[in-house]
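Quick note, the sequences are listed as chains L and C, same order.
Take any residue in the first sequence, count from 1 to its spot, add 178: that is its number in our numbering.
Take any residue in the second sequence, count from 1 to its spot, add 28: that is its number in our numbering.
To be clear, the hints were calculated from the coordinates, so they are not data collected in a lab.
All clues stand as given, with none of them false.
Example chain L residues on the side facing chain C (calculated, C-beta under 7 Å, incomplete):
no. : residue
1   : Q214
2   : N215
3   : A217
4   : A218
5   : K223
6   : P224
7   : G225
8   : A226
9   : I227
10  : R278
11  : P280
Even for Gly, the Cβ is constructed at its ideal location relative to N, Cα and C.
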Amino acid sequence: MPGAISVAAFSASMLVMVAPSAASAADADHGKVVFQNCAACHTDKPGAIGPSLRGVVGRKSGSVDGFHYSDAMKRANLIWDETNLHDYLKDPQAKVRGNRMPFGGVNNPKDLDDLIAYLKDYK
Amino acid sequence: MVTRLKDVDAVTVGFGWTGAILARELTKAGLNVVGLERGPDRVPGEDFILPSVRDEVRYAQRLELMMDNSIDTITFRNFPNEQALPIRRIGAFLPGEGTGGSGIHWGALLWRNLPSDFRIRSALTERYGKNAVPDDMTIQDWPVSYDDLEPHYDRFDKLCGASGQAGNLRGKKIDGGNVFEGARNDHYPNAPIKSSNAGLMYGAAAKSLGYHPFPAPVAIASAAYTNPENVTLGACEYCGYCNRVACETNSKASANSTILPVLRLDPKFELRSRCFVTKLNYDKAAKRVVSVTYTDMRNGEEYEQPAGVVILSSFVFGNVQHLLLSGIGEPYNHDSGKGLVGKNYAYQYEAGASAFFEDKELNPYWGSAGMGVVIDDFNGENFDHGGLGFFGGGYIACNTAGAPPIAGRTVPHGTPEWGSDWKRATVKWYHHAARFNTQGSVYANRNNYMDLDPTYKDVFGRPLVRLSYNPPDNEYNMSRFLQTKLEGVIKAMNPTHYDMHPRPKTFTVVPYQSTHNTGGTMMGADPKSSVVNRYLQSWDAHNLFVQGASVFPQQHGYNPTGTVGALAYWSALAITTKYLKNPGPLVQA
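This is chain L alone, in the form it adopts within the complex (with noise of 0.2 Å):
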């Protein structure tokens, strides 16, 4: 049923763009399973692949001090709110061409919106 999915993931992110708030109806425990998945590069052990995500949500993005980002991620000149994320996390390189993160994206939209939930307590 490919069309049942598209309409799901299109209601989804038209809830996180018309009502921010919505969004307090995702499940940021859950989204702390999702983050398992990101969490092998972006940890903030020493010799971390990807940087810290401790406080993304409101970051300008390229902005951890010390990581060395792709030119693409440094010309991105994005501030990390909701829209932003959800975009760039369902769709990496459709978002920020050429960024070097190897990520697909998260397919599943209710795993993106609770991940979104949960980094936004992530601090």
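Got chain L sorted already, so can you dock chain C onto it with the hints?
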């Protein structure tokens, strides 16, 4: 002038898998540990990242992660009556350099030996008669059993976030796993990685012939996984750029991705990279290694580092060279057969095949290190060798670890090696080629060994290790047998065309064949037949623990790293629970 440094509790000579495991276990026991590594420090956030890790020229062809032959190498000859010559650019095998060692660029196949492998001389004698083992086949029982090591194999599985299907869980056989394996106490921490089209076709064909196919066990996380060190490993993305390079998603396990993130925060641990250990300073009367001498490769300064416990954790050739240069143990003498250091060298005897399926889309570009479907029906004592004229065996696999742009262009035999015909053939066959391998055992032979070269020296003026090796007839016959079994499965897959790639009778140091070198400091039950005891403790220096595949008495039909990891945990447990309380020999000679 050599600067003498402050004493530390323990030092590791080399910092790959075993150096990291021992450093972690010893710091947890309260020791201050210095890790000495001859190569550079390799940090995932700097060195394992896109886009550079996909640079096949830099890593797979120019071998950036491998030992630097401008500093040292080994010399090689096929037979003891020949003049050995230095290998000026490594080829057949690729020892790694830098933190993580060969455990960064490895293929991540994570195997356990069979229970019968650990008592192979006894097993062959019981099954085939007292005189069955030929005189020149110098195999020995291991001084540990499969059951001794099982908890430690399990620990290493969990550290690595291994993916696979159990075939024997606490004695219960499970269809779809390796039904020949020793009993496992637990499942793999992750479900098997995916199988490619070619792997599925191979599995179906093998099954139709009555064999027992299963997905190859790998040290790659098939899903996001947090290991017992509380380090999270990423899910494999099947990018297909795995061999000879680091992993960009922390899915393929390395010391760098599984242990070092914790060790780097530990104040009891200090890593010194680009520090090349040139000597173990041995007090023969006291039976201990007092200190190690190393050169800081950045400025040429020499240092002496005294240590209470010395972990010798370099590659096989380095371990043997250190013992020979330091006068620890008796060097093996080929003429007399006496002496043990350097004896029982073995080199995995692999031989492959390729098959082409004109009408099948195999999508070879996606893959994962070690990804493949395997049968183990013709390994070790899983089958009867009566009347076959050889001992040993190996697993037989369809490997689909990706087909990157340079190395992944399999074409039929007879295709020109360059030019427009070659180009046309690579375009025609890229999507339709499958590759196979047989992972043969090597039962030690008295003519295969390591000693010090009388002529050639490294950059420090130390004699190089001299390797004398040629596959004995036993291994040649074993490999031919595995090839006929593989050919049977390939025929059942109904290919358009196929080529078998048997190994020649004479070994050459190019092209790449396998990095599975073992032996030279073998472990055993007593000092008359071994260099280290069952806890990997030197019989001649009680504070020296020799790690890695150099302690294998012979090589079985599996990749060695699973057993190397298990032995490291087993040895670490003996040091922390027995040796530290009462420093001295853990086994009375």
